[in-house]
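Participant: The hints should help you fit chain B onto chain A, whose structure is shown.
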Amino acid sequence: MMIARTIIFTSLIVLYGLVFTIREQKAKERDITLELALPVSFQKIAAGYVKQLAAEMLFIRTSVFLGGVRSGTPPTSYADALGNNFAVMTELYPRFIDPYYFCQAFLSPISPESAAKAATVFETGIAAFPDDLVLRFFYGTNFFLSMNEPLKGAEAFAEAAKLPKAPPMFSHLAALLSAQGGDITAGLISLKTLLVGEKDEMVRTRYEEEIAIFEQALEVQKGLNAYIGKYGEAPQGLEQLTPEFMSQLPEIKDSFVLTYDPPNLHLIRPDSKKKRESGTL
Amino acid sequence: MRNPFDSARRVSTLARLIILDGLRRHALIGLVLFALAGITGGLLFFDFIPRDIGRASNDFLFSITWLTGFIFLLFHGVQVMAWDSERGALHTFMARPISRTEYALALYAGLALLLLALNVILGGLGWLVLNFIKGSVGAAYFQHLSFPFYLLAGAGLYWIQLMLLAVILLFSSAVRGSFPVLLLTLCYYFICTGLPVVREAFQQKGGADADQGLAAMLKWLTAVFPDFSWLDFKTLVASSDTAPIASQILLPFGLSTLYVVIVLWLACLIYTRRDLQ
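Going down the list, the protein sequences come from chains A and B. Residue numbers for the first sequence, in my numbering: 1 to 281. Residue numbers for the second sequence, in my numbering: 1 to 277.
Just so you know, the hints here were simulated from the structure itself, not pulled from any lab data. There's no promise every hint is true.
Chain B side only, calculated, beta carbon under 10 Å to chain A, not exhaustive [to be verified]: (1) Leu43; (2) Leu157; (3) Thr193.
In silico DSSO-like cross-links for lysine-lysine, where the CA-CA straight-line distance does not exceed 30 Å [what the hints assert, rightly or not]: (4) Lys134/B to Lys44/A; (5) Lys205/B to Lys152/A; (6) Lys152/A to Lys165/A; (7) Lys152/A to Lys192/A; (8) Lys44/A to Lys205/B; (9) Lys165/A to Lys134/B; (10) Lys253/A to Lys152/A; (11) Lys253/A to Lys222/A; (12) Lys44/A to Lys219/B.
In this text, a Cβ means the ideal position worked out from N, Cα and C, and glycines have one as well.
In isolation and in its complexed conformation, chain A is listed as follows (with noise of 0.2 Å):
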């Protein structure tokens, strides 16, 4: 009887062990996923005193997660979980810095959408830190490098350059992405703004010489709302302003590049051109 007791006692133990083993194997085969965070309001009640902890805890999460990921999982099947995640940690522990940074990193390239969600994480960011010049940074790249959106990144460099210690790169950024949403005048503005305030001869030489182009890109603009203001409607190409409207179309020089989307003209720097044409922006 004790001789049989112990061999089921051995069979059982062998048998956990066994089935253990096959557990682990199809545990290395299965997907890592990321969880959906419980929403916000549950998780500052549940945590209480904690809530934090509660939120750092969700960020290791993550990134453990963001670290394992298999290569060759589309990102995309995750963005949302992620960015649920990222609002979440950050609505509960908005002071928390990390999560903005891999915010930055790994939220925003996804898409267009990922990169919306990301804004709104970055707008908690700044309202927690209204004078952090990194998550400024982070706010305005984020609009034009991916949601394509130009003007909007143009307005967050201009409200983050109004910051004491904002370096003149927001000012100039503003400039620039407002060229490229359309809005050439707001941009010719900042940049003379930009000349008045500079010292640096170098710098200013490279103001100038955009200026020039600027005022050469507003003109097209000019001759573009009188053709609009005469005929009721955009012309197909900028070849028709010609004659009547300017003598001849301006010769923009390499470091940017005049493009015309009907109605719109936008004055784009090759680099973002290219990436508009490979559709990554």
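Facilitator: Below, chain B without anything else, positioned relative to chain A:
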């Protein structure tokens, strides 16, 4: 008319017994070891925090202290205060020349002192751990560590625990059995943490057109189920956040002290009128 000094002596004697009883049950050392194990295990995960290491470490340490205190309140505090298996001890105490009010206050004082000892030990260890972490990482990852705010955060946490302890005494005076008291305390805690969220959601959805009657009801419910986040100062310890003004500190502490006094008063009133059988 009882002599107040004699009364205070009896309260302190019984409180000392409660403390000794707590030490005998390893409530203090057990929880300190539990917290230490939590800190050791948890800090391993902080390799995953690339930037805000100071903030995350500080939050983690205060969360462990909070969790340890919560376990103390729910599993030791409730057991000591509730009228069930400890009824024998209760009757023994009552057989002594001690009033029920003195008994209730002594229970509260004894447990509050034990809780204070627990917080001081864990707070001291936490401060050492934070300094160790600050010394082991680059300055950019742990820029701020303020001792005055650390003390303030610790005091805020202790005041929250004192409020919960007072409520446990109130429930224990009114309800028999440790399990119902535990459930009631949990319900009370979740209502306290949930109510501010409900109010926030209500204000966001309703805006200016919100039902004023309901808004007023929610506001006064918060007086009964207080918002503990007013006493949560832990985020100030490891950050450059603006220091709170005096009223932001004094008001929550003053309000919660009044709350504790009122709840203790109610608990004593119920104790004096309860049938012990």
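Participant: Can you confirm whether the C-alpha distance between Lys152/A and Lys192/A stays at or below 30 Å?
Facilitator: holds, 21 Å
Participant: Does Lys165/A pair with Lys134/B here, judged by a C-alpha cut-off of 30 Å?
Facilitator: holds, 28 Å
Participant: Does the alpha-carbon distance linking Lys44/A and Lys219/B stay inside the 30 Å limit?
Facilitator: Holds, at about 18 Å.
Participant: Under 10 Å, Cβ to Cβ, is where Leu43/B needs to be relative to chain A, so tell me if that hint holds or is violated.
Facilitator: violated, 12 Å
Participant: Hint Leu157/B vs chain A: min CB-CB distance below 10 Å?
Facilitator: holds, 8 Å
Participant: What's the verdict on Lys253/A and Lys152/A, does the C-alpha distance respect the 30 Å limit or exceed it?
Facilitator: holds, 26 Å
Participant: Assess, step by step, whether the Cα of Lys205/B is no farther than 30 Å from the Cα of Lys152/A, and give holds or violated.
Facilitator: holds, 27 Å
Participant: Would the hint on Thr193/B stand, with a C-beta cut-off of 10 Å toward chain A?
Facilitator: At about 4 Å, which falls below the 10 Å cut-off, the nearest Cβ of chain A leaves the hint on Thr193/B intact, so it holds.
Participant: Need the status of pair Lys253/A, Lys222/A: alpha-carbon distance at most 30 Å?
Facilitator: This hinted pair holds, its Cα atoms lying about 19 Å apart.
Participant: Holds or violated: Lys44/A and Lys205/B, Cα atoms, limit 30 Å.
Facilitator: holds, 18 Å
Participant: Can the restraint linking Lys134/B and Lys44/A be considered satisfied, given a maximum Cα separation of 30 Å?
Facilitator: holds, 29 Å
Participant: Straight-line Cα separation of Lys152/A and Lys165/A no greater than 30 Å?
Facilitator: Holds, at about 22 Å.
Comparing the model with each numbered hint stated earlier shows that hint 1 is the single one that does not hold.
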